[in-house]
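A.B. asks: Just so we're aligned, residue 5 is where the sequence shown starts under this note's numbering, counting upward by one.
Do not rely on the hints blindly, as some may be mistaken.
[Said to hold, decoys possible] DSS-like mimics (lysine-lysine), calculated; alpha carbons at most 27 Å apart, straight line:
no., residue 1, residue 2
1, Lys-47, Lys-98
2, Lys-214, Lys-6
3, Lys-152, Lys-198
4, Lys-198, Lys-119
5, Lys-198, Lys-224
6, Lys-47, Lys-65
7, Lys-25, Lys-6
8, Lys-47, Lys-118
9, Lys-119, Lys-148
10, Lys-98, Lys-224
11, Lys-198, Lys-148
12, Lys-25, Lys-65
13, Lys-198, Lys-6
14, Lys-142, Lys-152
15, Lys-152, Lys-47
16, Lys-148, Lys-98
17, Lys-119, Lys-152
18, Lys-25, Lys-198
19, Lys-198, Lys-214
20, Lys-142, Lys-6
21, Lys-224, Lys-142
Please keep in mind that the hints were generated in silico from the structure rather than gathered at the bench.
On a predicted model such as this, the values are computed, not experimentally measured, just so you know.
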Amino acid sequence: MKAVILAGGFGTRLAEETVLKPKPMVEVGGLPIMCHIMHIYAKQGVNEFLIAAGYKAEMIKDYFLNFYARTSDVSIDLSNGDISVHDGQHLPWKVHVIDTGLHTQTGGRLKRLKKWLDDDEPFHFTYGDGVADIDIRKLTAFHKAHGKPATVTTVHAPARFGRISYEDSGVCHFHEKPEGSDGWINGGYFVLNKEVLETIDDDTTIWERKPIETLSAENKLIGYQHDGFWSCMDTIREKTMLEELWNSGQAPWKIWE
5 MKAVILAGGF GTRLAEETVL KPKPMVEVGG LPIMCHIMHI YAKQGVNEFL IAAGYKAEMI
65 KDYFLNFYAR TSDVSIDLSN GDISVHDGQH LPWKVHVIDT GLHTQTGGRL KRLKKWLDDD
125 EPFHFTYGDG VADIDIRKLT AFHKAHGKPA TVTTVHAPAR FGRISYEDSG VCHFHEKPEG
185 SDGWINGGYF VLNKEVLETI DDDTTIWERK PIETLSAENK LIGYQHDGFW SCMDTIREKT
245 MLEELWNSGQ APWKIWE
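Could you put together the complete structure from these sequences and hints?
C.D. replies: Printed below as a string of structure tokens:
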């Protein structure tokens, strides 16, 4: 399966960092937060990534084009331009960085990846700033078992996030950031069938509005409840918290070596 990662927004609430780089490239423990997410997937068998870039897309491209130069010792023979990489971290990943436009909304970014997605296989879809100790294999099995075209991972989080309410096993209502809400919220880590792209109109479509609301109203969106650790990195306060967990050696989402 492939994993789509949204990495194109401006990250305005993290402006102290994102004035210089896209939010998914902001580092925790010396590693871009997006790479933390990729490690979570890769450790559990998902090794092909579609990065939906936009704001400062060239920085994401540069990072992966020069990945081994950044993470390994190198030798450069200036007489002929030969480059050798020594003792580096060799990752069995395939990474596609696709520029989905500077002002494209979240749904529009996903729709622009249509030709990159397989017709007969579901795919993972998440945001480039959220980490969790989620069991990707169980999430995938859950999606395939219920037979609906969309699964959203729901998590517990503060009231400033949109609330999801349940009826039996399906998501029946998706509330975009209501006042005083609590309970389950959208934690990203979706599993989707390609047919859901038909709910997206164009570049102006926000995934969390019409597409999700349509899918939930038609009983095509099922919630996977994750009771473990989850956090986004939306503010400096959240970045500091993640850094402290990482530096303490107790980062719950670090499931890789």
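A.B. asks: Next step is simple, just say for each hint if it's right about the structure.
C.D. replies: Results of checking the hints against the structure:
1. Of the supplied pair hints, the one linking Lys-47 and Lys-98 holds, its CA atoms being roughly 14 Å apart against a limit of 27 Å.
2. Distance check on the hinted pair: Lys-214 and Lys-6 sit about 24 Å apart at the alpha-carbon level, within 27 Å; holds.
3. This hinted pair checks out: Lys-152 and Lys-198 have alpha carbons roughly 12 Å apart, not beyond 27 Å.
4. Our distance criterion of 27 Å between C-alpha atoms is met by Lys-198 and Lys-119, whose separation comes to about 10 Å.
5. Between Lys-198 and Lys-224 the alpha-carbon distance is near 13 Å, which keeps this suggested pair within the 27 Å criterion.
6. For a cut-off of 27 Å, the pair hint linking Lys-47 to Lys-65 stands: about 23 Å separates their Cα positions.
7. Restraint check for Lys-25 and Lys-6: the C-alpha separation of about 25 Å stays at or below 27 Å, so the hint holds.
8. About 26 Å separates the Cα atoms of Lys-47 and Lys-118, which keeps this hinted pair within 27 Å; it holds.
9. In summary, the hint linking Lys-119 to Lys-148 is supported, as the alpha carbons are separated by about 22 Å, within the 27 Å threshold.
10. A hinted pair counts as satisfied when its Cα atoms are at most 27 Å apart, and Lys-98 with Lys-224 does not qualify at roughly 30 Å.
11. Between Lys-198 and Lys-148 the alpha-carbon distance is near 13 Å, which keeps this suggested pair within the 27 Å criterion.
12. Taking the CA atoms of Lys-25 and Lys-65, the gap is near 12 Å; set against the 27 Å cutoff, the hint holds.
13. Between Lys-198 and Lys-6 the alpha-carbon distance is near 12 Å, which keeps this suggested pair within the 27 Å criterion.
14. This hinted pair checks out: Lys-142 and Lys-152 have alpha carbons roughly 16 Å apart, not beyond 27 Å.
15. Straight-line distance between C-alpha atoms of Lys-152 and Lys-47 comes to about 26 Å, which keeps the hinted pair within the 27 Å bound.
16. This hinted pair checks out: Lys-148 and Lys-98 have alpha carbons roughly 24 Å apart, not beyond 27 Å.
17. Taken as a hint, the Lys-119 and Lys-152 pair is honoured in the structure, with Cα atoms around 22 Å apart against an allowance of 27 Å.
18. A threshold of 27 Å between alpha carbons decides the hint, and for Lys-25 with Lys-198 the separation of about 31 Å lies outside it, so the pair is violated.
19. For the given pair, Lys-198 sits about 17 Å from Lys-214 by alpha-carbon distance, which is consistent with the 27 Å threshold.
20. For the given pair, Lys-142 sits about 16 Å from Lys-6 by alpha-carbon distance, which is consistent with the 27 Å threshold.
21. Taken as a hint, the Lys-224 and Lys-142 pair is honoured in the structure, with Cα atoms around 19 Å apart against an allowance of 27 Å.
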